Amino acid sequence: MTWLRIAVDILSIIFLLGGLFFLFVGTFGLLRLPDVYNRLHATTKCDTLGAGLILLSLALQSSLAIGIRLALLIIFILVTNPTAAHVIARAAYKTGIVPILSRRASDD
Amino acid sequence: MSTAGILDFSYSLGAVLVMLMIFLSLIRALAGPTAPDRVAAINIMGTKTLIIITLIARIYGQEYFLDIAMVYALMSFVTTVGIAKYLEKGALD
Chain A
1 MTWLRIAVDI LSIIFLLGGL FFLFVGTFGL LRLPDVYNRL HATTKCDTLG
51 AGLILLSLAL QSSLAIGIRL ALLIIFILVT NPTAAHVIAR AAYKTGIVPI
101 LSRRASDD
Chain B
1 MSTAGILDFS YSLGAVLVML MIFLSLIRAL AGPTAPDRVA AINIMGTKTL
51 IIITLIARIY GQEYFLDIAM VYALMSFVTT VGIAKYLEKG ALD
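So the sequence lines, in the order shown, correspond to chains A and B. Each residue of the first sequence is one higher than the one before, counting from 1 in the numbering used here. Each residue of the second sequence is one higher than the one before, counting from 1 in the numbering used here.
Since the hints were derived computationally from the structure, they do not count as laboratory data. This one's a predicted model, so the numbers in the text were calculated from it and none came from an experiment. It cannot be assumed that every hint is accurate.
[As the list claims (entries may be wrong)] Facing chain B, from chain A, some residues (calculated, C-beta under 8 Å): (1) Ile6; (2) Asp9; (3) Ser12; (4) Leu16; (5) Thr27; (6) Leu30; (7) Arg39; (8) Leu40; (9) Gln61; (10) Arg69; (11) Leu70; (12) Val87; (13) Ile88; (14) Ala92; (15) Thr95.
[To be verified] Straight-line C-alpha distance at most 35 Å; calculated DSBU-like pairs for lysine-lysine: (16) B:Lys89 with A:Lys45; (17) A:Lys45 with A:Lys94; (18) A:Lys94 with B:Lys89; (19) B:Lys85 with A:Lys45; (20) B:Lys85 with A:Lys94.
[To be verified] Pulled from the structure, derived: some chain A residues nowhere near chain B, Cβ distances all over 10 Å: (21) Leu64; (22) Pro99; (23) Ile100; (24) Leu101; (25) Ser102; (26) Arg103.
Just so you know, even glycine gets a beta-carbon here, dropped at the ideal spot from N, CA and C.
Whenever a hint applies, use it, and build me the whole structure from the sequences.
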């Protein structure tokens, strides 16, 4: 029983560290990439995965009622985060921000 | 040697690190050259705030913070979609 407890705790710490790593990679991409579309590409996927991993790490530690709520939060993030990124990218494209590769091709 | 103390310390340290990442995202929200950059940065900050709220619910043992996190996620999503529609059409109708 106690070995199972220790194994679940170690798995939680591994998920937490993985989630923090992906969140940091997403933030780094938001700061360093050159274009709106590149930044959305980096941050959306990395933040969705990082948030999912951290909430899964919390769900391993909690009771069933809290775990169901955390699972609802994970599903909600998985639905809304790509939708928000798609709406932002659509607004950027409709307002005339040209992607950076097309910009270079049209300058030649 | 118990892993529960290490786990509590890890969650506290994770909340502090996510807060530092929010400040890093704030740089892009302030200095972004176009408006969709700022909207994307604010959306990402909303997701990270949701993670901080759930981590605080674990640290302090207050489980009703999870309901606050759900409402915060919903409002962040609706705000992002609304601002993006305003950027696209020039009006909110």
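Now the hints, each set against the structure:
Annotation: Ile6 of chain A was flagged as interfacial toward chain B, and the flag holds, the nearest CB pair being 5 Å apart, inside 8 Å. Checking Asp9 of chain A against chain B by beta carbon gives a least distance of about 4 Å; that is within 8 Å, so the hint holds. The interface hint given for Ser12 of chain A is met, as the beta carbon of that residue sits about 6 Å from the closest beta carbon of chain B, less than 8 Å. A distance limit of 8 Å between C-beta atoms decides the matter here; for Leu16 of chain A the minimum to chain B is near 6 Å, and the interface restraint holds.
Given hint, Thr27 of chain A at the interface with chain B, holds; its Cβ is 5 Å from that chain's nearest Cβ, closer than 8 Å. Checking Leu30 of chain A against chain B by beta carbon gives a least distance of about 5 Å; that is within 8 Å, so the hint holds. Nearest Cβ of chain B to the Cβ of Arg39 of chain A: about 6 Å, under the 8 Å cut. The hint holds. Given the 8 Å rule on beta carbons, the hint for Leu40 of chain A holds: about 5 Å separates it from the nearest Cβ of chain B.
The restraint placing Gln61 of chain A at the interface with chain B holds, with a minimum CB-CB distance near 7 Å, inside the 8 Å limit. Look at Arg69 of chain A: its Cβ gets to within about 5 Å of chain B, closer than 8 Å, so that hint holds up. Among the interface hints, the one on Leu70 of chain A holds; its C-beta lies about 7 Å from the nearest C-beta in chain B, closer than the 8 Å criterion. For Val87 of chain A, the suggested interface contact is upheld, since its CB lies about 4 Å from the closest CB of chain B, less than 8 Å.
The criterion of a C-beta within 8 Å of any C-beta in chain B is met by Ile88 of chain A, whose closest approach is roughly 5 Å, and the hint holds. Of the supplied interface hints, the one on Ala92 of chain A holds, with its beta-carbon coming within about 4 Å of a beta-carbon of chain B, less than 8 Å. A cut of 8 Å between beta carbons decides the hint on Thr95 of chain A: the least distance to chain B is about 6 Å, and the hint holds. With a CA separation close to 27 Å, the supplied pair Lys89 of chain B and Lys45 of chain A stays within the 35 Å bound.
For the proposed pair Lys45 of chain A and Lys94 of chain A, the alpha carbon gap of about 22 Å is at most 35 Å, so the pair holds. Annotation: proposed proximity of Lys94 of chain A to Lys89 of chain B holds, straight-line Cα distance about 9 Å (limit 35 Å). Proximity of Lys85 of chain B to Lys45 of chain A is assessed by CA-CA distance (about 22 Å); at most 35 Å being required, the pair is judged to hold. A threshold of 35 Å between alpha carbons decides the hint, and for Lys85 of chain B with Lys94 of chain A the separation of about 10 Å falls inside it, so the pair holds.
Leu64 of chain A, annotated as away from the interface, keeps every beta carbon of chain B farther than 10 Å; the closest lies near 12 Å. With 10 Å as the threshold on Cβ separation, the claim that Pro99 of chain A sits away from chain B holds: the shortest Cβ distance comes to roughly 12 Å. Annotated as non-interface, Ile100 of chain A keeps its C-beta farther than 10 Å from every C-beta of chain B; the closest such distance is 12 Å. Remark: the non-interface label on Leu101 of chain A is consistent with the geometry, its nearest Cβ contact in chain B lying 17 Å away (cut-off 10 Å).
Distance to chain B confirms Ser102 of chain A as a non-interface residue, since its nearest Cβ pair spans about 16 Å, more than 10 Å. Interface exclusion of Arg103 of chain A from chain B stands, the closest Cβ pair being 13 Å apart, more than 10 Å.
Of the numbered hints listed earlier, not one is contradicted by the structure.
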